[in-house]
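Chains H and U, in that order, give the protein sequences. Following numbering that gives the first Met the number 0, the numbering of the first sequence begins with 0 at its first residue and continues without gaps. Following numbering that gives the first Met the number 0, the numbering of the second sequence begins with 0 at its first residue and continues without gaps.
Think of the hints as simulated: they come from the structure by calculation, not from any bench. Careful: at least some of the hints might be erroneous.
Said to hold, decoys possible - Some chain U residues close to chain H (C-beta under 10 Å, calculated; not the full set):
hint	residue
1	Glu16
2	Tyr22
3	Phe26
4	Ser48
5	Phe51
6	Lys59
7	Phe68
8	Ile136
Said to hold, decoys possible - For each label pair, taking beta carbons as the anchor points, the in silico distance ranges come out as:
hint	chain 1	residue 1	chain 2	residue 2	range
9	U	Glu131	H	Val87	23 to 29 Å
10	U	Leu174	H	Ile24	21 to 27 Å
11	U	Leu128	H	Phe68	27 to 33 Å
12	U	Asp53	H	Thr9	37 to 43 Å
Claimed, not checked - Below 25 Å or equal to it, Euclidean Cα-Cα: the simulated DSS-like pairs (lysine-lysine) are:
hint	chain 1	residue 1	chain 2	residue 2
13	H	Lys14	U	Lys170
14	U	Lys169	H	Lys31
15	U	Lys6	H	Lys31
16	U	Lys74	H	Lys6
17	H	Lys31	U	Lys82
18	H	Lys13	U	Lys169
19	H	Lys6	U	Lys82
20	H	Lys19	U	Lys6
21	H	Lys31	U	Lys74
22	H	Lys31	H	Lys70
23	U	Lys170	H	Lys13
24	U	Lys169	H	Lys14
Quick caveat: nothing in here was measured; it's all calculated off a predicted structure. Glycine included, every Cβ here is placed at the ideal spot set by N, Cα and C.
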Amino acid sequence: MARPTSKYFTPVIKKILEAKRMENIVIDQQFKDTLRTQMMSKISAAPIQKEVREVLNETGRGFDFTEFFNKFRYPLAIVPSMLLLIIVAVSAMNLPVSIKNEVIVPTATPTPATQVQNSNQVAEITQPSHSVQRLHTFSGSSVLPSSYRSGASTTSTKPNVIDNSQVNLNFDLGQIDNNQPSVQKTAPAVQPQPQSAPQQNNFQTTVPVQQTPEPNSFGSVVQFLFESQNQPEVRNNNNNNNQPAENIQPQPVQQNNVEVNDAQPQQQLVVQPQAQVVQPQAVQTPVLENIQTAVPTSANGSEKVQVNNVQPQEVPAQQVETTTTNVQPVLTTSVPLNTDSVQNVAQPETTIQPTVTAQTLKFVQPAPSYSIYYGADIKPGERAALESQLIAEAGDQEVQSMEVLDGPENNVIQVMYTFTDGSTDTKLFKKDSTGWHAAHYVHRYYYDNGFDYNIAPMR
Amino acid sequence: MLDQEQKLVEEAKQDPEKFAALYDRYFDQIYRYIYRRVSDKETVQDLVSQTFYDAFAHLKSFEWRGFSFAAWLYKIAHNNVLKWYREQSKARIVEIEEGMQIPDVREDVVREVLRSEDQSEVQAVMAKLDHEDREIIRLKFFEELSNIEIAEVMGLSANHIGVKVFRALKKFKQLFS
Numbered sequence: 000m001a002r003p004t005s006k007y008f009t010p011v012i013k014k015i016l017e018a019k020r021m022e023n024i025v026i027d028q029q030f031k032d033t034l035r036t037q038m039m040s041k042i043s044a045a046p047i048q049k050e051v052r053e054v055l056n057e058t059g060r061g062f063d064f065t066e067f068f069n070k071f072r073y074p075l076a077i078v079p080s081m082l083l084l085i086i087v088a089v090s091a092m093n094l095p096v097s098i099k100n101e102v103i104v105p106t107a108t109p110t111p112a113t114q115v116q117n118s119n120q121v122a123e124i125t126q127p128s129h130s131v132q133r134l135h136t137f138s139g140s141s142v143l144p145s146s147y148r149s150g151a152s153t154t155s156t157k158p159n160v161i162d163n164s165q166v167n168l169n170f171d172l173g174q175i176d177n178n179q180p181s182v183q184k185t186a187p188a189v190q191p192q193p194q195s196a197p198q199q200n201n202f203q204t205t206v207p208v209q210q211t212p213e214p215n216s217f218g219s220v221v222q223f224l225f226e227s228q229n230q231p232e233v234r235n236n237n238n239n240n241n242q243p244a245e246n247i248q249p250q251p252v253q254q255n256n257v258e259v260n261d262a263q264p265q266q267q268l269v270v271q272p273q274a275q276v277v278q279p280q281a282v283q284t285p286v287l288e289n290i291q292t293a294v295p296t297s298a299n300g301s302e303k304v305q306v307n308n309v310q311p312q313e314v315p316a317q318q319v320e321t322t323t324t325n326v327q328p329v330l331t332t333s334v335p336l337n338t339d340s341v342q343n344v345a346q347p348e349t350t351i352q353p354t355v356t357a358q359t360l361k362f363v364q365p366a367p368s369y370s371i372y373y374g375a376d377i378k379p380g381e382r383a384a385l386e387s388q389l390i391a392e393a394g395d396q397e398v399q400s401m402e403v404l405d406g407p408e409n410n411v412i413q414v415m416y417t418f419t420d421g422s423t424d425t426k427l428f429k430k431d432s433t434g435w436h437a438a439h440y441v442h443r444y445y446y447d448n449g450f451d452y453n454i455a456p457m458r
Numbered sequence: 000m001l002d003q004e005q006k007l008v009e010e011a012k013q014d015p016e017k018f019a020a021l022y023d024r025y026f027d028q029i030y031r032y033i034y035r036r037v038s039d040k041e042t043v044q045d046l047v048s049q050t051f052y053d054a055f056a057h058l059k060s061f062e063w064r065g066f067s068f069a070a071w072l073y074k075i076a077h078n079n080v081l082k083w084y085r086e087q088s089k090a091r092i093v094e095i096e097e098g099m100q101i102p103d104v105r106e107d108v109v110r111e112v113l114r115s116e117d118q119s120e121v122q123a124v125m126a127k128l129d130h131e132d133r134e135i136i137r138l139k140f141f142e143e144l145s146n147i148e149i150a151e152v153m154g155l156s157a158n159h160i161g162v163k164v165f166r167a168l169k170k171f172k173q174l175f176s
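Generate coordinates for the entire structure from the input sequences, incorporating the hints supplied.
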């Protein structure tokens, strides 16, 4: 291989060098000087800037952000990432709160063994709502169908609307005092709650006089517990409305409400507006129904007045006592749902019940009111014994007045009874050696115009 | 000569204002080299200024490894020229993609190169050579660089430059004859 400097390439190299000499490349001197000036100016300025930067850094006034971010770019990049993690963590911490609220319901539910009882109770609870629906139909002001109304009551989205309907119910029935609509207005939307409603029914049937659902402070606590725990069950069991209310087991919560109303009747009007928040609906509705059935004659006056106007024979003391006995066993057996709430509620219940019976006993025994007209000649000393005998013979009817007249024979008198219901009856009494006795007319001899009378036991 | 060049470089490293001596010494060579490659006056000025700014910025990184400071400047100029051609080629691709009708710049470049090289027979033959052979001939005979310096400028092995020079001259002779 020939070298580039060999004679083989000499003519070629001479041509190339000759072409180099022939090329005419003019260098722009102005550009050369300008570029030189610019470079020298920058070169001279570069150390000055460096010195100034060093001085500022030494004095602390200069802070190179670029150098700072370049030096700490990785630690600085961690800051937004940590903020993002914190936000995610906080949002995640909020999740257990919502779950906890949801878990409250299942925790309040009873054990599987007690759920059967609860389901029965719920089925019983629905009856008050059903009665309310029937009352709506009486008033004629209700527009919504019964099914829709019951569903709205369970959800309790608009309690005010249902409250007004209940006021109408009271006016339609005419059994509760119209002058005190606030008592009925306090009843919020019908929310048959599994524990409260059955208790109210049972107590009302036995003690029809005391139906005022009193939403006091204690009752409000109880209502809150039932709302948070048992509303889902009520919703699922709205179809079980046909079971009789007598089968419902009473529970302490309802009784507390009723008892407080009786013990403090004046505070009812003041406290009742709180019931809209507490929603003791399930308590009042059965009360209205019981009033119709148990106390048909007590149509005037408020609830408090009803208690005073009740006739003694309608509310005997024996009935009140039996109700108390019926309630107490329920406290021990039929409260498997939530032991905490039941314990809180049960204690005031037992303390208040004796007060209820005492008050009712006072009003149950009024003095008899009737008048006796003596048309026959009966000695004053004999009248007392005669009157006791006359009342005894009156039977179950309430006597308004009696007229004692001479009988067809001696020692025989004729008494005309006038009862409170307007009916009349005539009875005969014969006097013998032991006193006055009821007698019956046996036969009559037309021919001798004589009468025979038998003594009362023969009647 | 190398000792004087080395002295100037060392002084320029110590005192940046001494870079002016290197600038005055190698400006004409770099200017002609770029002018032969580009032939556009404005582009030549831009590439020349860029070459000297780069040299000044990286002056402290220069080390004596058997070739001159001029070879290091040629290398910087060579890279800037290649970069400029690369950018021009990208710009043309973009314009073509946009659907615009652009004349063939390569023909213009060749035409300018031929015009700048005095339209002589030698330059006509140079235009027929490929890029690498033409660049080797320029650096070997026009710039009068050694094989080591050519290898430094082109980024090739110094031992391989001798063979490439022989092949370039052989092709040039075949075309010239």
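Original post:
Taken at face value, is the distance from the CA of Lys82 (chain U) to the CA of Lys6 (chain H) at most 25 Å?
Top reply: 38 Å, violated
Original post:
Are the Cα atoms of Lys74 (chain U) and Lys6 (chain H) separated by 25 Å or less?
Top reply: It is violated: about 31 Å lies between the C-alpha atoms, which goes past 25 Å.
Subject >> Pair hint Lys31 (chain H) and Lys74 (chain U), alpha-carbon separation not exceeding 25 Å >> reply: Holds, at roughly 20 Å.
**OP:** Would you check whether Tyr22 (chain U) satisfies its interface hint, that is, whether its CB is within less than 10 Å of any CB in chain H?
**Re:** 6 Å, holds
Original post:
Are Lys14 (chain H) and Lys170 (chain U) close enough, with their CA atoms no more than 25 Å apart?
Top reply: The hint holds at about 14 Å.
Subject >> Interface hint compliance - Ser48 (chain U) to chain H, C-beta minimum distance less than 10 Å >> reply: 5 Å, holds
Subject >> Agreement of hint Phe51 (chain U) with chain H interface, Cβ distance less than 10 Å >> reply: Since chain H brings a Cβ to about 6 Å from Phe51 (chain U), closer than 10 Å, the hint holds.
Subject >> Hint consistency between Lys169 (chain U) and Lys31 (chain H) [alpha-carbon to alpha-carbon, up to 25 Å] >> reply: With Cα atoms ~38 Å apart, Lys169 (chain U) and Lys31 (chain H) exceed 25 Å; violated.
Subject >> Asp53 (chain U) versus Thr9 (chain H) beta-carbon gap, inside 37 to 43 Å or not >> reply: Given a distance of about 38 Å, which is inside 37 to 43 Å, the answer is holds.
Subject >> Pair hint Lys170 (chain U) and Lys13 (chain H), alpha-carbon separation not exceeding 25 Å >> reply: 15 Å, holds
Original post:
Within a Cα-Cα threshold of 25 Å, do Lys169 (chain U) and Lys14 (chain H) meet the stated pairing?
Top reply: With Cα atoms ~14 Å apart, Lys169 (chain U) and Lys14 (chain H) stay inside 25 Å; holds.
**OP:** For the hint on Lys59 (chain U), just tell me whether its beta-carbon gets within less than 10 Å of chain H.
**Re:** 13 Å, violated
The structure is inconsistent with the numbered hints 6, 7, 9, 11, 14, 16, 19, 20 and 22, although it conforms to all the rest.
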